[in-house]
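*Asks:* The lines below spell out each chain.
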Amino acid sequence: MQENEFEKRLQEEMEEFRLRPSEVVWDKIDDQLRKKKRRRIVFYIFLLAGLSLIGYSGYLLFTEKQNLTEQDVAINDKPTNNDTQKSIPGDQTIATQKSAKDQDQIIMPGENKTEASREKQIIEKRYRLERPGELQKTEPARQNELKASENNIAAGEKITTPPNDQDNKPVVGPGPVPTDELAGKNINTDEELTSEKKDINSPKSDSAIAAIEKQGQILPVDQQKQKKKSTLPIKWGLDLSVGVSQLSSKAFSFSAVSQNADALYAAPGNLNSSPPPSDVLNGIAFKVGIVGELNVSKKSSVSAGLGYAYYSNRIKTGSYKDSSLVLRTMTAQSVALNSYYQGSQVMEYTNHYHFIQLPVNYQLQLNKGVKLPLIWSIGIAPAYLFSTDALIYDTARGGIHYKNNDAFNKFHFNINTGLSFRFGKTNKMQWSLGPELSMDMTGLMKDADQKRYFMYGGITGRVYFKKKNIK
Amino acid sequence: MDYSRLIRECLKGKSQAQRELYEHFAEIMLGVCYRYTRSVRDAEDVLQEGFVKVFHHLKQYKQEGELGAWIRRIMVNTALNYLKRHRKYQEEMFFTEEYLHPVADDDPAIRLNSKELADLIRQLPQGYQVIFNLHAVEGFTHVEIGEMLGISDGTSRSQYSRARNLLITWIEKYSSEKKNTSYAGK
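Residue numbers (our numbering), protein chains in the order written: chain W, 1060 to 1530; chain Z, 606 to 791.
Derived by calculation from the structure, the hints in this document are not laboratory data. Incorrect hints may have been included.
Stated by the list, open to error - With a straight-line Cα cutoff of 35 angstroms, these simulated DSBU-like cross-link-like pairs (lysine-lysine) come out:
(1) K1510(W) x K667(Z)
(2) K1427(W) x K1487(W)
(3) K1505(W) x K664(Z)
(4) K783(Z) x K720(Z)
(5) K1462(W) x K1510(W)
(6) K1525(W) x K1487(W)
(7) K617(Z) x K1462(W)
(8) K1087(W) x K667(Z)
(9) K778(Z) x K1067(W)
(10) K1096(W) x K617(Z)
Start from the sequences, fold in the hints, and give me the full structure.
*Replies:* Rendered as structure tokens:
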């Protein structure tokens, strides 16, 4: 029998050869297909959630600024009225430039309502000290006296006030306090004054604030701040992490691997006839991104952000060949190479990987101290490999390295954990620093039967943006 | 069978179409996997991995060649990777440069059925088996096999001729044993 005839008959026989697989095989295939689909769905959910959180936070930040601007304008534009002055005694001296102009009044430059309140308190204090025997006066009488005192101050500064609008247009200014003018007036007890002062200084409840706002009244500045704090609890920060990236053979493993492309030509035999792929050495890596953090309890918070991650590793390659070559891939596709690296591995080459990440973390304070909180964080970070120049190894042509971005998984799913100390106070510059570990749960290469996973270890710092003071 | 429709629906992720495609090719592809492995369980593992790859990369199929041939190629590559991964196969792999053995001219008068033939092929040493399957059954040239396995085409030729001679000897032996058994049975 001739060689071809034997092979021909053998091929015919083998064409007929069939075996019925067990039912379990399809179940496993189906399970794997669904798993991949689920993973993709989870990635998109996280992507959507992350973007929504960022968008919502941005919206809050934007509206906060807008509201502040509007309120500033409102404060400057709003004419004063008696009701307001009576309802919020501490703020009744807020005089606006517009109303002052309308009323032909002169407001001293640089004056604000805090100064005005202080002036008024001084007047009250001096009045009580100098008229200890007249504490039985009624409140309306006392108010009149105070008004008169204020008017005198204004008169001392040569500020004219139309007589009809005295109550509406408080005018303050530096100058001696004419205590003599206050003689012979009624006044309430000290207790009443104290309680009145308490009212001035005590924060109002949200409902009271809302009621006041509803009536178109102006809130005291302290209360405005408090209200704003409660509506915008997200702290913004900048993350920066520097470390080392490593390719591991298994998830959660520190064992380094070689980066041969068994996704493509796989040599089941020994590799004596071609040089084995070089070891993959760890490379530098860093991450940078913005993050929004939301306190969920006294000691825990969640954060989400958007970041860029750079990983690298180093390999040895042969010399550069600027010639074309066609490789057949695992899926029977042809890969046309215009250049590759071949021969004895003497050149050092750095593989670069660029990712966009959406880290979502949960932070928990482990210690009780408030001076130096120790924070443990754990979370996930879906990532997209948007660029790489990494080389892969193939046993073809006696062992070559070449670029083929299609061989890499684009979507990745990382698990992050870390410890950090938080420095600084909440109202001032706050930052944290500590070690971080990140594990890529998705294989680096698409079809690699021997999976490769990125492991990242580094030091991560976070600086929280200082909140703007609301004036 | 309307492969175009089936592929379209598989690409849309329809489980029913995927199942249909699998059912259509599973038996013949398990036959392919069986020839490269030592047990049905291993063959089924290869089949499973291979079909997952088929569905993941179906969009790469250009519909120029035959779909069955494309899937078969994936199964063969998956089988080669499987052998590489598993130590029990790896230990049996050896490809050494040897003198070419003359191709046997005997007519083994193949009286075996396809299952029996496949079983004999599987009894070849692993290195021989792979090269024999790739050349004699799949039709790859020795140059192609050399590139696939990272060996020279001369090594592939040498291994193949040894495998072929060994197989022909076995076929003859098995055929005569079978003949004697059938006579004894009468």
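*Asks:* Of all the hints numbered above, which does this structure not satisfy? Sort the numbers upward.
*Replies:* As far as the earlier hints go, not one is violated by this structure.
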